[in-house]
Amino acid sequence: MQQISKEKFQIVGVKATDAERISKPSLSFWKDVSIRFRKNKLAMFGIVLLIILIFMAIFGPYMTKFDYSTNDLMNTNKPPSSTHWFGTDDLGRDMFARTWQGARISLFIGVAAAIVDFIIGVTWGGIAGFKGGRVDEIMMRIADILYGVPYLLLVILLMVVLGANLTTMIIAMTITGWINMSRIVRGEVLSLKNQEYVLAARTLGANVTRIMGRHLIPNAMGSILVTMTLTIPSAIFTEAFLSFLGLGLTPPLASWGTMASDGLASLQYYPWRLFFPAILIALTIFAFNVIGDGLRDALDPRLRNKG
Amino acid sequence: MVKYISKRLLYMIVSLLLIITATFFLMRIAPGNPFTSEKKLPPEIEASLNEHYGLDKPWYVQYGDYLGRIVQWDFGPSFKYESRTVNDLINDGFPVSLALGLEAILFAVAVGIVLGVIAALRHNKWQDYTAMIVAVFGISVPSFIMATFLQYLFAIKLGLFPVARWETFSHTVLPALALGATPMAFIARLTRSSMLEVLSNDYIKTAKAKGLSRGAMIMKHTIRNALLPVVSYMGPLAAGIITGSFIIEKIFGIPGLGSHFVLSISNRDYTVIMGVTVFYSILLLVSILLVDIAYGLIDPRIKLAGGKKGE
Numbered sequence: 001m002q003q004i005s006k007e008k009f010q011i012v013g014v015k016a017t018d019a020e021r022i023s024k025p026s027l028s029f030w031k032d033v034s035i036r037f038r039k040n041k042l043a044m045f046g047i048v049l050l051i052i053l054i055f056m057a058i059f060g061p062y063m064t065k066f067d068y069s070t071n072d073l074m075n076t077n078k079p080p081s082s083t084h085w086f087g088t089d090d091l092g093r094d095m096f097a098r099t100w101q102g103a104r105i106s107l108f109i110g111v112a113a114a115i116v117d118f119i120i121g122v123t124w125g126g127i128a129g130f131k132g133g134r135v136d137e138i139m140m141r142i143a144d145i146l147y148g149v150p151y152l153l154l155v156i157l158l159m160v161v162l163g164a165n166l167t168t169m170i171i172a173m174t175i176t177g178w179i180n181m182s183r184i185v186r187g188e189v190l191s192l193k194n195q196e197y198v199l200a201a202r203t204l205g206a207n208v209t210r211i212m213g214r215h216l217i218p219n220a221m222g223s224i225l226v227t228m229t230l231t232i233p234s235a236i237f238t239e240a241f242l243s244f245l246g247l248g249l250t251p252p253l254a255s256w257g258t259m260a261s262d263g264l265a266s267l268q269y270y271p272w273r274l275f276f277p278a279i280l281i282a283l284t285i286f287a288f289n290v291i292g293d294g295l296r297d298a299l300d301p302r303l304r305n306k307g
Numbered sequence: 001m002v003k004y005i006s007k008r009l010l011y012m013i014v015s016l017l018l019i020i021t022a023t024f025f026l027m028r029i030a031p032g033n034p035f036t037s038e039k040k041l042p043p044e045i046e047a048s049l050n051e052h053y054g055l056d057k058p059w060y061v062q063y064g065d066y067l068g069r070i071v072q073w074d075f076g077p078s079f080k081y082e083s084r085t086v087n088d089l090i091n092d093g094f095p096v097s098l099a100l101g102l103e104a105i106l107f108a109v110a111v112g113i114v115l116g117v118i119a120a121l122r123h124n125k126w127q128d129y130t131a132m133i134v135a136v137f138g139i140s141v142p143s144f145i146m147a148t149f150l151q152y153l154f155a156i157k158l159g160l161f162p163v164a165r166w167e168t169f170s171h172t173v174l175p176a177l178a179l180g181a182t183p184m185a186f187i188a189r190l191t192r193s194s195m196l197e198v199l200s201n202d203y204i205k206t207a208k209a210k211g212l213s214r215g216a217m218i219m220k221h222t223i224r225n226a227l228l229p230v231v232s233y234m235g236p237l238a239a240g241i242i243t244g245s246f247i248i249e250k251i252f253g254i255p256g257l258g259s260h261f262v263l264s265i266s267n268r269d270y271t272v273i274m275g276v277t278v279f280y281s282i283l284l285l286v287s288i289l290l291v292d293i294a295y296g297l298i299d300p301r302i303k304l305a306g307g308k309k310g311e
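Same order as they appear, the protein sequences are chains A and B.
The UniProt record's numbering applies: residue 1 is where the first sequence begins, and numbers increase by one.
The UniProt record's numbering applies: residue 1 is where the second sequence begins, and numbers increase by one.
Each hint can be trusted.
Listed next, the stretches of chain B that the computed footprint assigns to chain A, with coverage defined by at least 3 CB atoms under 8 Å from CB atoms of chain A:
| id | segment |
| --- | --- |
| 1 | 15–26 |
| 2 | 128–140 |
| 3 | 144–156 |
| 4 | 244–256 |
| 5 | 261–271 |
Derived contacts from chain A toward chain B, CB cut-off under 7 Å, selection only:
| id | residue |
| --- | --- |
| 6 | I145 |
| 7 | G148 |
| 8 | V149 |
| 9 | P150 |
| 10 | L152 |
| 11 | L153 |
| 12 | V161 |
| 13 | F244 |
| 14 | L245 |
| 15 | G246 |
| 16 | L264 |
| 17 | L267 |
| 18 | Q268 |
| 19 | A278 |
| 20 | I285 |
| 21 | F286 |
Counterexamples of contact, computed for chain B against chain A with all Cβ distances above 12 Å:
| id | residue |
| --- | --- |
| 22 | T85 |
| 23 | P162 |
| 24 | S170 |
| 25 | S213 |
| 26 | M234 |
| 27 | I293 |
| 28 | Y295 |
Honestly, the hints are just simulated from the structure, not real lab data.
Glycine included, every Cβ here is placed at the ideal spot set by N, Cα and C.
Build the full structure now, drawing on both the sequences and the hints.
Structure follows, in structure tokens:
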């Protein structure tokens, strides 16, 4: 081993303050989450996809000169061309306009179901978790029993009886859909309510509503957000599923589900009538799923690689 | 164990009672009476029909009768097809649906576990990424789109499999693939994540340190522990297979209970909808209970005694 003489070393000096300095700018929790989220390529791809889908849902119907509900019996079942970009259906309606009109309805159903689940689930789970004891016991037993009721069967039953329109569809989907959300919120509230800052807020005289709204729900927002992101694709799926059973929205209203279901009948001759709505359903569900997964990983890095 | 099972059984019965009650009252408020869609009936005939089906009695008597019949495994008549009962439909269609469902479950479990194990053993290598991309697609593409795509490609365009019907084994391949694709993807993800967790345990290091071969280590120490979450997924899997079969059977023209159910929905045959819903609910709740009990038997760490309420 070669000898290294002492002259080769030089004292550059060290300050105690430098050693203690924080080199990284301090980050809030959500900034940290967003940095982790942006590193996830698949999730970012999902975001880009979703932005395109929402953009097209808003502006798509205006991009073509055709209206989504106007029949044109001279031009039925035309394949995609320069005039009708996605072709036409059996009544000569322009598929491009219909597809993006359908996007509005499918996305609306997904988001509305997620919001209703959020409102009921957070209230129910929040009260159960915060009150605890007997109240919690009773509220969660009710949730357990409802949870045992098979979801899709109940939805089908309700749609048969109530008849299909947007309101009944959202009611049917959320009547037991909120239970999952309420369980998650209850769990979060149970673990958070004994933290010191809640005690501090109570000592300062904050009432239940304030503690819930300002302290508990914002801290549980991570898991709530993930659950909501994953509710949307399942609602879009349920809508399409109901359409296939003939329980979907009635014409001239179009959703991706009803369009795909109509297209199925003529798959052999006019495959584009099924393919456009079907691909969009799959892309949307894909986008929300990868965003939800990415969000879960970003919120809790320890959970990465789990499911 | 006995206490746990009896508690679960009680919940199951309450849930079941809830869905039976819900179907009963929902069907009562459903628009029109069972005979309105036919041509206008003379009042005498309608009255005697009502009497025949017990519809002239007050609702609480009807409700009691209905519950009593279900206890005796009688799901009632069909109002649209005079000579048929829901029990006929079940006896007719359920064996077919069961065969299709089992084939799909077999496919989902076998392929899902293999994909998941490969992905975990080749963590962050191309095999892992490929398996997970397959899984994400399996979850994102709804079964009915998968079914039509498979039908279009392999049956109509390439002619490798029959387009529809239910006769030979080759008729069953495409429907089973379509029905099993989504659960397969879930199982692959589940297996992968629990394999990764198990692989990071100390006893795996011990096994390696004492010189166990890779194969023995994987078979004896890893997979057996990693498959527990997959067992617990069997309950939701059963639900997915049952509801999935409605559409798959319709698309492939399979004469199972699912397609009878779909037909009764489009005919608004209320008593059949009601009976089949109750039958499916019983089936589902019982299978979920069985899965939970099996889970407790397989995993000795889970105490089913349930004396204290678990948090």
